[in-house]
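There are 2 protein chains.
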Amino acid sequence: MMYSTQMEAARNHVITKEMKICAREEQISPEELREQIARGIAVIPANPNHKGLIPHAIGRKLKTKINVNLGVSRDCKDYDVEMQKVMRAVDMGAEAIMDLSSHGNTQPFRQKLCRECPAMIGTVPIYDSVIHYQRDLGELSARDFIDVIRLHAEDGVDFVTLHCGITKKTIEEVRAGKRKMNLVSRGGSLIFAWMSMTGEENPFYEYYDEIVEICREHDVTISLGDACRPGCLADATDQTQIGELLRLGELTERAWARDVQVMVEGPGHVPLDQIAANMKVQETICHGAPFYVLGPLVTDVAPGYDHITAAIGGAVAAMNGAAFLCYVTPAEHLALPDVEDVHQGIIASKIAAHAADIAKGLPGARDWDDRMADARRALDWEGQYAEAIDPLHAKAIRESRAPEDDHSDTCSMCGKFCAVRSINKALAGEMIDIL
Amino acid sequence: MMYSTQMEAARNHVITKEMKICAREEQISPEELREQIARGIAVIPANPNHKGLIPHAIGRKLKTKINVNLGVSRDCKDYDVEMQKVMRAVDMGAEAIMDLSSHGNTQPFRQKLCRECPAMIGTVPIYDSVIHYQRDLGELSARDFIDVIRLHAEDGVDFVTLHCGITKKTIEEVRAGKRKMNLVSRGGSLIFAWMSMTGEENPFYEYYDEIVEICREHDVTISLGDACRPGCLADATDQTQIGELLRLGELTERAWARDVQVMVEGPGHVPLDQIAANMKVQETICHGAPFYVLGPLVTDVAPGYDHITAAIGGAVAAMNGAAFLCYVTPAEHLALPDVEDVHQGIIASKIAAHAADIAKGLPGARDWDDRMADARRALDWEGQYAEAIDPLHAKAIRESRAPEDDHSDTCSMCGKFCAVRSINKALAGEMIDIL
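Going down the list, the sequences are from chains A and B. Take the first sequence: its position 35, counting from 1, is numbered 34 in numbering that gives the first Met the number 0, and each next residue is one higher. Take the second sequence: its position 13, counting from 1, is numbered 12 in numbering that gives the first Met the number 0, and each next residue is one higher.
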């Protein structure tokens with residue numbers, strides 16, 4: 000049959016080639032995945048115009064996926080450097096790249112990504128609107144924003160973040176000073192500013208049905224942006240955040256009515272004890288649509304180490320239902336990430352995702368850990384490097400401070416006091432020499 | 000009244016000067032803390048021979064404390080370098096230092112620590128036994144081990160890790176091949192090896208009452224070591240681990256019967272979904288005695304990044320009741336940590352501890368985050384550095400990639416797209432210039 004979207008196919012009991020590829024990755028049957036996509040609890044963002052795509056499915060019952068934000072900006076303008084970062088991120092295991100370019104000639108880079116990059120490509124069209132038209136925000140019309148969404152869809156983008164849930168009511172709440180950090184969503188702040196300047200309603204809310212039709216035509220997955228995500232612990236899970244979530248729940252249903260795939264974006268800065276509740280509320284309000292979270296960061300006080308605060312929150316979020324983690328780098332809140340920051344951010348996100356997959360008991364998730372444990376018990380260092388999440392880094396640390404020759408089977412952490420060595424010797428009936 | 004231990008004082012309704020100091024840190028009343036110490040759910044490790052101590056209380060209802068392992072070894076022999084690491088760790092906020100020295104002349108360093116270091120000092124006497132007597136493990140007697148505990152108590156050590164829970168039954172279980180990683184506790188492996196070589200029962204178990212009397216005399220807190228902590232996810236929460244925990248629960252009661260303070264040590268490598276259960280089981284079996292955890296690491300596959308895997312596990316453990324986190328550095332499983340590793344390990348542990356304290360709703364815990372949020376909203380960069388967990392690091396990142404002059408109130412992450420800047424301008428009724 001002909002179908003517009005993966006969801007339409009799934010609802011008509013058609014198993015697409017993308018479903019087959021993704022089901023294999025998940026170690027589940029294509030039929031099981033098809034059923035999840037039909038219900039909306041999983042999505043496969045796969046724009047047919049993205050020719051080089053290797054598809055992945057995103058859903059609460061599937062392996063946790065990670066997204067890496069890249070793109071040129073005024074302070075980092077080199078498209079070739081950015082393309083290198085993209086390909087390195089993909090090599091490291093990022094399933095999605097969001098192109099957040101906000102400077103220069105954005106379309107050729109976006110088109111190049113959709114030709115050459117096998118990861119899912121996401122964008123935030125409102126960032127590009129100002130750049131595309133080269134007019135400042137207040138001079139853009141609602142129509143201009145919609146046209147940029149169509150442009151991105153035609154270019155082959157797999158998913159778009161649209162901040163549809165912020166309305167005039169939100170503006171009033173923020174103006175009333177209900178929040179410590181107001182809005183910290185970049186896209187949300189642009190809409191807030193545009194609405195403040197024009198006095199009009201949010202075009203992404205007002206023209207939502209038209210946007211849905213564009214996304215249906217190109218099978219672009221809508222990622223409903225959370226303009227009101229908390230930007231500090233004090234604002235977490237407040238009326239403004241949950242009020243927006245209610246609107247996102249309604250918008251999810253309206254997209255599903257047209258077989259358009261939907262993800263919902265989430266916080267943000269959230270105290271550790273509120274994360275499970277956030278995941279549960281999103282699941283009920285948005286009927287199980289995949290939750291895509293930025294962080295959550297479990298404290299506000301660690302700029303320079305927010306890949307760690309996000310790994311804590313992300314692992315707990317994913318264990319409790321979040322399907323998709325946006326990476327956070329050590330440069331968050333401070334600067335544009337450099338290549339090393341990107342590396343650190345990806346590793347931390349992958350650790351969080353893998354820890355959650357183990358906790359969810361996904362098929363095969365713990366096999367990797369078991370192989371590492373086997374190598375550790377055997378004091379097989381080459382085997383340990385091979386199984387390490389970052390083999391070169393692990394090897395470099397051990398070899399930079401190697402133990403003395405007479406206990407070279409160990410490492411300098413314990414030397415001859417190595418517990419594994421002592422137990423292996425004891426089990427073999429050998430004498431234990433410690434001195 | 001005269002009292003031997005903080006617990007004896009507490010049970011006799013005496014509020015000691017240490018309790019007053021600690022209660023102030025916790026923002027609770029001295030009476031409330033005294034009651035917790037009397038019940039055993041909090042401890043103040045404070046050996047009267049540790050003259051320079053600034054005491055801290057450890058307990059599940061109190062702020063989460065962190066420990067830093069240091070000490071010279073065969074591969075890192077310089078006592079002066081190690082003392083510098085100690086003082087830096089204390090400056091960074093470590094409440095305890097464990098001296099794990101396993102080389103050279105250990106006593107003068109230990110005595111120096113107890114004279115000069117204000118943090119709680121812990122040791123693992125069995126490590127020192129081999130070194131102290133300069134005889135190999137198989138040539139030591141049960142009496143030798145006991146005498147080293149007394150030596151450490153006299154030197155002023157505040158808490159000692161004793162692996163009292165491993166018995167001949169454990170040896171049988173390990174020999175039967177029930178575990179993937181056998182034992183990974185250094186002290187536990189030494190006892191295992193000694194028992195294998197001599198055929199005798201664990202002296203720390205067999206002479207426990209005598210040890211309790213030594214600890215009573217010097218108010219040394221017993222930290223009941225977990226020789227059987229899981230060394231990989233596959234071994235987590237297994238019969239061997241929980242079997243040992245049951246013995247530790249009994250030993251806790253026997254120490255409490257003599258007013259000796261007790262902590263219980265815990266895992267190790269634990270899948271994220273098993274952490275809360277581990278904390279709860281320890282609480283019931285050990286009657287709420289403070290839980291001191293190493294990690295837990297939520298995956299085995301990230302050598303080089305185990306400060307992150309431990310921060311995830313530690314935050315969740317502390318939120319669920321763990322009172323005391325042993326830091327883990329990026330060098331774990333690979334090498335002796337260097338100064339930078341120690342720094343990274345402390346920061347990660349402090350993030351985990353603080354995230355948990357917020358989650359537990361402890362008095363004042365979130366004030367720090369609120370101050371940071373206030374500085375962020377105002378785009379007050381000096382204020383943000385001042386509140387950062389590592390001010391110099393945060394400042395260095397932003398300044399290494401500063402934004403262009405015309406938007407110098409932001410950072411290069413977003414430049415003129417900065418959400419905080421846009422919202423501030425919109426709220427002030429100013430035009431938003433993005434281009």
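No lab work stands behind these hints: they were computed from the structure. Fair warning: there could be bad hints in the mix.
Treat identical chains as interchangeable: a pair holds within one or across any two.
With a cut-off of at most 20 Å between alpha-carbon atoms, the simulated PhoX-like pairs for lysine-lysine come out as follows [to be verified]:
id	residue 1	residue 2
1	K19	K84
2	K111	K167
3	K84	K394
4	K424	K167
5	K279	K60
6	K16	K76
7	K168	K179
8	K19	K394
9	K50	K111
10	K60	K76
11	K177	K424
12	K76	K19
13	K179	K424
14	K424	K168
15	K359	K177
16	K84	K111
17	K19	K359
18	K50	K16
19	K60	K177
Taking the hints in turn, this is what the structure says about them:
1. For the homomeric pair K19 and K84, neither the shortest alpha-carbon distance inside one copy (29 Å) nor that between copies (55 Å) is at most 20 Å.
2. Taking the closest pair of Cα atoms, K111 and K167 never come within 20 Å of each other, the shortest separation being 38 Å inside a single copy and 66 Å across copies.
3. Within a single copy, K84 and K394 get their C-alpha atoms no closer than 23 Å, and across copies no closer than 24 Å, so neither meets the 20 Å cut-off.
4. Taking identical chains as interchangeable, the C-alpha atoms of K424 and K167 lie at most 20 Å apart only when they sit on different chains, with a minimum of 17 Å there against 72 Å within one chain.
5. With identical chains, the CA atoms of K279 and K60 are at most 20 Å apart within one copy only, with a shortest distance of 14 Å there and 27 Å across copies.
6. For a Cα distance limit of 20 Å, the shortest separation of K16 from K76 qualifies neither inside one copy, at 38 Å, nor across copies, at 61 Å.
7. Only within a single protomer do K168 and K179 lie at most 20 Å apart by alpha-carbon distance; the minimum there is 18 Å, versus 58 Å between protomers.
8. When the C-alpha separation of K19 and K394 is checked against a cutoff of 20 Å, the pair qualifies neither within a copy, at 37 Å, nor between copies, at 48 Å.
9. Taking CA atoms no more than 20 Å apart as the test, K50 paired with K111 passes inside one copy only; the shortest distance there is 11 Å, against 68 Å between copies.
10. Taking identical chains as interchangeable, the C-alpha atoms of K60 and K76 are never at most 20 Å apart, the minima being 39 Å within one chain and 51 Å between chains.
11. For the identical chains of this complex, K177 and K424 are inter-copy neighbours only, at 17 Å across copies versus 65 Å inside a copy, given an alpha-carbon limit of 20 Å.
12. In this assembly of identical chains, the alpha carbons of K76 and K19 never lie at most 20 Å apart, being 39 Å within a copy and 58 Å across copies at closest.
13. In this homomeric assembly, K179 and K424 come within 20 Å of each other (Cα to Cα) only across copies, at 16 Å, whereas the closest approach inside a single copy is 60 Å.
14. In this assembly of identical chains, K424 and K168 lie within 20 Å of each other by CA distance solely across copies; the values are 19 Å between and 70 Å within a copy.
15. For the identical chains of this complex, K359 and K177 are neighbours neither inside a copy (37 Å) nor across copies (24 Å), given an alpha-carbon limit of 20 Å.
16. Taking the shortest alpha-carbon separations for K84 and K111, only the intra-copy value of 14 Å comes in at or below 20 Å, while the best inter-copy value is 50 Å.
17. Taking the shortest Cα distances, K19 and K359 never come within 20 Å of each other, neither inside one copy (22 Å) nor across copies (45 Å).
18. Proximity of K50 to K16 under the C-alpha cut-off of 20 Å is restricted to the intra-copy arrangement: shortest distance 14 Å within a copy versus 72 Å between copies.
19. In this assembly of identical chains, the alpha carbons of K60 and K177 never lie at most 20 Å apart, being 36 Å within a copy and 31 Å across copies at closest.
Checked against the numbered hints listed earlier, the structure breaks hints 1, 2, 3, 6, 8, 10, 12, 15, 17, 19; every other hint is satisfied.
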